[in-house]
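Chemist: Model the full structure from these sequences, guided by the hints.
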Amino acid sequence: MPVVNKAMTEANSRDLFPGALEMMILESLRRVPAHGYALVQHIQQRSNNLLQVEEGSLYPALQRLLKAKLVKAEWQLSSTNRRVRTYQITVRGLRRPEQQISSFERMFEGISLVLNPGKAITS
Amino acid sequence: MDWIAQIFRRRKFSEDLSEEIRLHIEERAEQLMRDGMSAEEATRAARRAFGNRTLLEERSREVWQWPTLESIWADVRFALRQLRKSSGFTSAAVLTLALAIGANAVVFGVLNALILRPLNVPQAESLFVIQHGSDSYPDYLDLRQRNRSFDDVAVFAIRQSGLDTGKDPSNVWQYETSGNYFDVLRIQPYIGRFFHASDEHGPDSAPYVVLSYAYWHNHFQDDRTVVGSVVRLNKHPFTILGVAPPGFQGTILFFASDIFVPIVNHDQLSGDKILSARESRWMFETVGHLKPGVTPAQAIADLNSVDSYLKKSYPKEEGNEPYTLARPGLHGDYLNGPTRAFLTGLMLLSGLILLAACANLGSLFAARAADRSREVALRLALGSSRNRILRALFTESLLLSLAGGAAGLVASILLLRRLSVWQPFPRFPLHVPVSPDASVYLVALVLALVSGVLFGIVPVHQILRANPYEIVKAGSTGAFGRRTTVRDVLLVVQIAICAVLVTSSMVAVRGLLRSMHSNFGFDPRNAMLADTDLATAGYTGERVPAMQRRMIDALEAIPGVDSVGSVNWPPLEPPGGWQGMVYTDTTTDLSPSNAAADPYLYNVTPGYFRASGTSLLAGRAFTWQDDTNAPRVAVVNREFASKILGSVPDAVGRYFKLHDGSRVRVVGLVEDGKYLNLTEGQKPAMFLPLLQSPASWTWLVVRSKRDLTRDPQQLAAAMRSVLRGIDPAMVLAIRPWSTELGGILFPSRMATVSLGVLGLMGGMLSITGIFGMAAYSVSKRFKELGIRVALGAQRKEVLQAALGRAFKLLAIGSGVGLVLGLLGTKVLAFIVYQATPRDPLVLAGVVLAMTALGLLATWIPARRALSVNPLVMLRED
Chain A
1 MPVVNKAMTE
11 ANSRDLFPGA
21 LEMMILESLR
31 RVPAHGYALV
41 QHIQQRSNNL
51 LQVEEGSLYP
61 ALQRLLKAKL
71 VKAEWQLSST
81 NRRVRTYQIT
91 VRGLRRPEQQ
101 ISSFERMFEG
111 ISLVLNPGKA
121 ITS
Chain B
124 MDWIAQIFRR
134 RKFSEDLSEE
144 IRLHIEERAE
154 QLMRDGMSAE
164 EATRAARRAF
174 GNRTLLEERS
184 REVWQWPTLE
194 SIWADVRFAL
204 RQLRKSSGFT
214 SAAVLTLALA
224 IGANAVVFGV
234 LNALILRPLN
244 VPQAESLFVI
254 QHGSDSYPDY
264 LDLRQRNRSF
274 DDVAVFAIRQ
284 SGLDTGKDPS
294 NVWQYETSGN
304 YFDVLRIQPY
314 IGRFFHASDE
324 HGPDSAPYVV
334 LSYAYWHNHF
344 QDDRTVVGSV
354 VRLNKHPFTI
364 LGVAPPGFQG
374 TILFFASDIF
384 VPIVNHDQLS
394 GDKILSARES
404 RWMFETVGHL
414 KPGVTPAQAI
424 ADLNSVDSYL
434 KKSYPKEEGN
444 EPYTLARPGL
454 HGDYLNGPTR
464 AFLTGLMLLS
474 GLILLAACAN
484 LGSLFAARAA
494 DRSREVALRL
504 ALGSSRNRIL
514 RALFTESLLL
524 SLAGGAAGLV
534 ASILLLRRLS
544 VWQPFPRFPL
554 HVPVSPDASV
564 YLVALVLALV
574 SGVLFGIVPV
584 HQILRANPYE
594 IVKAGSTGAF
604 GRRTTVRDVL
614 LVVQIAICAV
624 LVTSSMVAVR
634 GLLRSMHSNF
644 GFDPRNAMLA
654 DTDLATAGYT
664 GERVPAMQRR
674 MIDALEAIPG
684 VDSVGSVNWP
694 PLEPPGGWQG
704 MVYTDTTTDL
714 SPSNAAADPY
724 LYNVTPGYFR
734 ASGTSLLAGR
744 AFTWQDDTNA
754 PRVAVVNREF
764 ASKILGSVPD
774 AVGRYFKLHD
784 GSRVRVVGLV
794 EDGKYLNLTE
804 GQKPAMFLPL
814 LQSPASWTWL
824 VVRSKRDLTR
834 DPQQLAAAMR
844 SVLRGIDPAM
854 VLAIRPWSTE
864 LGGILFPSRM
874 ATVSLGVLGL
884 MGGMLSITGI
894 FGMAAYSVSK
904 RFKELGIRVA
914 LGAQRKEVLQ
924 AALGRAFKLL
934 AIGSGVGLVL
944 GLLGTKVLAF
954 IVYQATPRDP
964 LVLAGVVLAM
974 TALGLLATWI
984 PARRALSVNP
994 LVMLRED
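Listed in order, the protein sequences are those of chains A and B. The opening residue of the first sequence carries number 1 in our numbering; numbering runs sequentially from there. The opening residue of the second sequence carries number 124 in our numbering; numbering runs sequentially from there.
Just so you know, the hints here were simulated from the structure itself, not pulled from any lab data. Treat the hints with care, as some may be off.
Partial selection, computed: residues in chain A whose CB lies under 8 Å from chain B [said to hold, decoys possible]:
| # | residue |
| --- | --- |
| 1 | Glu27 |
| 2 | Ser57 |
| 3 | Lys67 |
| 4 | Arg85 |
We put the CB at the ideal spot given by N, CA and C, even for glycine.
Modeler: This is the structure:
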């Protein structure tokens, strides 16, 4: 049915909160440069597999970060001797996440309060 | 620059991305294989985990694009590929649109040039034509002095003169203008100077002439030294002061005067004595700029206080018409009204044509979308968004409409240029200045875009409710094209429009044919006209009638000539005719309000009635003895007799009075005729002997004994040599009378031609429309028809199944169109003489034409439907 179709497309197109994926990528790259596959692994592991991100949706986000010059990319050979394109955070990228995280945390806190009115936030 | 580097690096980015994604999936698959999956399973799982690779790649690339511009460019390229694939559809669509948009651009170009565009003078928005019937020169002087609403008021009259620059004297058209004319219009000279109000010091005091740019360019070869030189106008020396700027042609758009002279020198140039005569109303047009802050309504009130002053001071001379204001350009309301009405009507009709074309293309587009439903469904299923598909569709329709619009615009520009240089009347400097400008281009562009959206929008609904799953499963016949109500309505509308056009063009053609063979009150066949202005040739006073008599005698001596006469202005000769107020014999107070009528007035020589073919019903024609020494006599038409004399049978012998008080005896009665235009009602007319009311500008009417239709030039040459023998310096224009009448038929001819063209286009559109619908319905129902044939349906039943609907729609559309068309022709009757919708021939013609269109359009689909071979058909699936 058309309605189902529409809903499905919407679900596919909206990965997470807008910008959330970029933020997680930047946060991961802040610790260590990585290629796309490694980034997906990292994000899924770190979230205890709670975040089931469609792997491909990483790439549009990476392109946005590249364009904004928050990361840079380079073809390298990995430790397993595989040709990979490694992303590295730039100086500009290093400065960026702090403000974004704080605004994201505020938003998250707001959402949690709405969803669980009884509980206090522990962080 | 950053973005330039981006363009060059983009290809690399794109390759990197594909490679990166390929490696990603590969790595994931290897990982899964290590976890124990088979190679095939692992690859599939890796792909599934990755998501829609194409979509994600596209979205990644989009990051680097100017999103709108580049995706539009991609759509354009896609649409071009699609259109190239179906070149027949594309060329049909472009041609249809080119015709429809071209027609609109042409009509709008004319409308724009004649009505919408302000006059080519500074501050045209405050310039107005002051209308007051016709004024005399003293009336103008009073108006100029007494009004409080205008900055200043200028006046002009139009005349022909002989201009002699020392070699080759030729006729020129001149504006005789008040001295302030150029200052009132706020025009600066191109070279030299203009004359001003300060140059006028009473009658014949300003022997100056200003040349129009075109005349200077053509006859003086842009020679700047002509300023200050002396030329002879009707033998009188005049000094060339300057040249008007290019493009300036006064306040009448379609009339291009050659020279401008001060009106105070009119008596000198014409030999008349009318400059200071209050009863001689010969001013052509009065114009002026409203003072800032004065509204037209205030100005009219002010002008009418001037009018009541004039009426009080000169009760005998003043007419009854109040003052009104009109926009300049088309000689006030005289031409503005009919031209505006006709052009608006044409604009409406051509708008309808475009609408019909859009309806046509819309249904073609819908059919195309239906045929492509499987492709659309596939694309939807593969994750393309509906927006994207609609955008592709609109790109196609807009591309088509822009291409059609461009082609139509080019054609219309060519046509408008041709129209601009065309001179419909050889004797007058009349032309239609309709060169296209930016607004025409803009209108064509807007029309193209609007029609693109209009016919692009038709299939939108289909696509929005398309269900890819159903379509892919069932095939294209399943979901689309069952309900075609919108397209049916479009087709009916289109056929109705076409029927309106066909009806009105047929009514116009019939009217034109009839008016060409109607009774004018004279017989233009086998008669020649020679336009002789003796004032131009330097004749004045007593020499004028003597010369006129001599010319008539000499022409009568030409072998084969039946009769010769003169008239001061032939009936039906544009731009107008003379009129003179008459009073019943018993009237003593000869003020205009007491006039019995204002009949047309012709000053003729004795031979005129025979030469013009005007039949004398009673009494006698004039003789050469009806001169200034004899009692005043007149010949009148039947209408005059019944309206002013009160009796037709006893008209001869009765008396009436002219405006100057003289009693005139009616000696003859002639048939009624047409005098000013063919659409007028029956008007009274009187004929006076030329010897009793002389005129220096007369037209010789020469009737031949032989049939002139084949070779009028032989007689023309004989006339020319005879007249040249009398006076070599005479300026002559000799033409068959029937050619001369072309002018009066011009409006109806234009109406007929434009309606005919539009009717033809409407016809073509409905052929393609019906054809498209019929062909489509046959091809969609091919299988069904095959089954019907297999089950034993007869040819008639097959045809009914296949084409019944098309014919039903055709009948409805034609019926509606016929009724609308007949209603519309009531408007047409004002332009085309004798155009009547109540004409059985027209009715039959429309019905026949529409049936023929229907048969023509359904012929091929019908053949196809009848050729259904059930065996072949059923085997196919």
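Chemist: Quick check: which numbered hints come out false for this structure?
Modeler: 1
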